[in-house]
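Novice: Guided by the hints, dock chain S onto chain E, whose structure is given.
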Amino acid sequence: MADKTNTIFRALDRKAAAITEFTMRQYRTKISTWVVLVTGMIVICLLMLFYVDAMQRDFESIDNDGDSADSDGDLYPDGQERLYGTDPFSDQSHPGLFDPPVPPDDPSKWIDEDDFDWDQSPSGTQTVSVGYDDDGDCRSRDTDSQKDTNDNGIACDIELSRDLDGNLRYSSDAFVDEDPDDDAYAKEALHRASILGIGKLGFVFIISIFIPLFMATGLIRDEMTSGTMHYMLTKPIARTEVFLYRVLGYIGIVWPYLILLTLISAIVTGFAGPGDSLFRFSEFGIWLAILFAAMLATLVYGMLFCFLGTMWKYGIVLAIPFAAWELGMALLSMGVPESPILRFSIVGWAMVIVDSASMIIWPDMDLLISSGYSVEVGDSFGFEREELIGTDALNYFFATPGLGEIGPFLSMIIATVVLLIQAIVLLFIGGALFKGKEIE
Amino acid sequence: MMPDFHQEGQPEVKEWVPEQEAPVILIENLSKTYGKIHALSGITLALSGGVTGILGMNGAGKSTLFKILMGKLKPSSGQVRLFGTNPWKNPAPYSRVGFVPEGEKMHDWMTAHDFISTFARLDGLTRDEAKLEADRVLDFVGLADVAHKQIGRFSKGMRQRTKIAHSLVNDPDLIILDEPLQGCDPLARTTIMNVIRELGRMGRTVIVSSHILSEIERITEQIVILHHGRLLALGNLHAIRERLDNIPHRIEIGTQAPKDLAKSVIDIQSVHGILFQSDSVLSVQTHNLGDFHNKLPQAIIDGGHTVTSIDNPDDDLESILGYLTSGSRL
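If you read the protein sequences in the order shown, they are chains E and S. Taking our numbering, the leading residue of the first sequence gets 11, the next gets one more, and so forth. Taking our numbering, the leading residue of the second sequence gets 701, the next gets one more, and so forth.
The set of hints was computed from the structure by calculation and includes no laboratory data.
Dumping the calculated DSSO-like pairs for lysine-lysine here, alpha-carbon to alpha-carbon at most 30 Å: (1) E:Lys40 to S:Lys805; (2) E:Lys323 to S:Lys736; (3) E:Lys323 to S:Lys805; (4) E:Lys447 to S:Lys774; (5) E:Lys40 to S:Lys856.
As the structure is a computational prediction, the values presented were derived from the model and not from experiment.
Just chain E, with the same shape it has in the complex (with noise of 0.2 Å):
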């Protein structure tokens, strides 16, 4: 065996460290690092702001299907007569003229009085029965064909079923779950919408494409054009080594300065989410899921912007029609996650590690869309449909993560595992690239 302090590792070692170091220190040099890394963190705290602001919020609660109303007079909400049988339009018939009397309810306690019971999600062919009818106005009513308006031969309950692509379907009975907490409502939807906004839009495509746009296009160029390339070139070792070394010092700025980010936005999503604890602990996996694609994306990016600086002295002009083009790839990400064209693009590969965390994370996401949809706003005299506050959002910002039928754990591993060979390549043609330039 070969002495372990005279090994050729041992020497990589030394010289990778030597050029990882000497890149740290020299980005603290440079102002522009700090304006970049500034600016990054402004961003970021202005979302968090947003966000903060939105839960701070208490969002109007909306009697969604008017029976806190009493539209005869009488004192009585038509949601409490219809309890009690009696005829909502007519003041002669009320629980007040009952033996003994019931006392009329203040019109409160008929909003927000049927929230969401939906607790179960179908999978593939298979259709179950979910909802309760917390106020009574469809076990109140008169006959069993009144009470199974979708026909599924279960009174007040509403069945969810899936598609041939698998997109949820409900088909509700009349007045089961149809008056929901709003403010509740919004507040988780905006909570997650908000999340995955800020995750995949803020930390995988904008922090990860625009700081190794300015940090790492440099890299080597900078060095080139200065002549100070001649004093690390001048000594035993290969070119591609010093491309590895310097992307390698980037990383050690990059990785930690994300780490910091996440922190920061992971601990303040989780003290001003919604809910009952003082911290919800549950979604720190998600903002792993966005940490680790933001920082393969960096390591991406970071190869192959440093690799159009080596290429072109103005690299940069190169970086930006690619950084629009990731751009119109984030997007759709998040509109058509199955779309063929995201697999030639490094973002579209990142959006699938959070899409896929997301549908571990929130396994109840698809019931959380749906039933901001499932309700119809309206009164006694009519209803039209229109979503809860922060379901369109939500609807937007999760996607599912779009290889196929196969579950989001082997996706992640697939998309980690194109990325880190994305970096690779990138490496080594970048390093050849390196390789046969002439340095002035």
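Specialist: For chain S alone, coordinates are given in the frame of chain E:
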């Protein structure tokens, strides 16, 4: 494999073994072209040991030659070998080569010691070894007392010396210095020249470029003259000088009345020709510079002339190059 965080142990045994018989530098029929511009054409040269001065005007191809030697530029045709190895293909010979690039750009934010020890680690030294090595080379170039000051605050001479110290890490056998004296004050020049001569005495192969003949003269007698990318002359400086003595020298004398002065000067025997260059300059041609310089003061006094300047433009490299290329000039 755990990273060597403590940076302990010996540097690795070098895999690369230089060819025993090969000259330190071997250049065969080397050409470098940029489009239609010939930066270097048909250079053939072998060097081993001693200090060699590369003389040439700005743009003569000195830096291009050095960058090809250091594997930074690729030859358009011909061959370059350092210790028998092609430097463009294999960076291994650099463990035995030190290079002082031209230009002033350095990592100004680092201290001299920091700069040298950081890059010394690329030679496979550990952190501690690199620090000791930096101490040693900085002491060698006389910067030990400012080793921990920022390079950004250094004078030009100190910067050049820092670059030289950087090139001396790992005790190389070949040191290439591109215009190490440029921009330095006289004191720094002397120090740097002493360092270069000392390296030569230590048996290293040193190549130093300059566009100023008198500087090279003070360092070495072995010179190579490059002109427009061609190797113009090669060998002992004195031998080249002797050739120059057979060629007329030119002296320019500034005076208010060139014609009056000409009458006095024409009587000096060694004067070979006179030219009225302008209303205030008389140009004199001579075969014997020493004799002319001896007799000129007396001629001026006897004639009662007022002389504002005496110039010897032949002393500059341009004139020598002119003689070497065309054989005569006036």
